[in-house]
Amino acid sequence: QQPVQSPQAVILREGEDAVINCSSSKALYSVHWYRQKHGEAPVFLMILLKGGEQKGHDKISASFNEKKQQSSLYLTASQLSYSGTYFCGTPLLAAGSARQLTFGSGTQLTVLP
Amino acid sequence: NAGVTQTPKFQVLKTGQSMTLQCAQDMNHNSMYWYRQDPGMGLRLIYYSASEGTTDKGEVPNGYNVSRLNKREFSLRLESAAPSQTSVYFCASSPRHDSYEQYFGPGTRLTVT
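Residue numbers (the numbering used here), protein chains in the order written: chain D, 5 to 117; chain R, 444 to 556.
Honestly, the hints are just simulated from the structure, not real lab data.
No residue lacks a Cβ here, since even glycine has one placed at the ideal position from N, Cα and C.
Among these hints, one or two may not hold up.
Label-pair ranges, simulated between beta-carbon atoms [claimed, not checked]: (1) R:T556 <-> D:Q5: 26 to 34 Å; (2) R:F453 <-> D:L16: 45 to 53 Å; (3) R:S510 <-> D:Y78: 38 to 46 Å; (4) D:L116 <-> R:R552: 23 to 31 Å; (5) D:V8 <-> R:G506: 44 to 52 Å; (6) D:V23 <-> R:G483: 40 to 48 Å.
Based on the provided sequences and hints, a complete structural model is requested.
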């Protein structure tokens, strides 16, 4: 079952912050974040593991709340290059294999100058 | 390094026709994946291959077959195309079956009329 992302779309100005949420109806062992720019392939941003710490990528960080079965992606001081669609992926199977991921429908982020 | 390459980039098929999408990676990765991406649906796993000689079904395998020809190549075949298979198809690879980062190819845009 695919995770649910919110919001579906965000528009902000350069320098503003944004939060993208990803929640699942089942227990999560890991959450994977990818970014896809228009017409391009998805690119890996980070992974959060159960019991692991918050991972970061430049000014993009994320958290993982196992009890609430959700993850949040934080984009701080947004840059124009952050524009794109952000996807979270979670393991299809309860065992948490990273080989089989199911992805949310994405959050379209637009950063304006 | 070319990374992950896919051919063709675009394809139009008539209902009932067959075709094979090709994928190759030059990163010596063990695991390879096929996804489809429909508008508003995110990425869905069709098949994956944890290592050379093995393939497994993903979330949406019906109507597709795959072949892991060797370590570099993983092909996806549509035996009898249907309009519901109109989508963008992405191939991806990862270093090991327990690696988290997946590297995606540029995608194949398939239209079935």
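Here is what the structure says about each hint:
1. R:T556 <-> D:Q5: 26 to 34 Å: Since R:T556 and D:Q5 have Cβ atoms about 31 Å apart, the given range 26 to 34 Å holds.
2. R:F453 <-> D:L16: 45 to 53 Å: Given about 33 Å between the Cβ atoms, the range is violated.
3. R:S510 <-> D:Y78: 38 to 46 Å: holds, 42 Å
4. D:L116 <-> R:R552: 23 to 31 Å: holds, 28 Å
5. D:V8 <-> R:G506: 44 to 52 Å: violated, 26 Å
6. D:V23 <-> R:G483: 40 to 48 Å: violated, 21 Å
Of the numbered hints given earlier, the model fails hints 2, 5, 6; all others are met.
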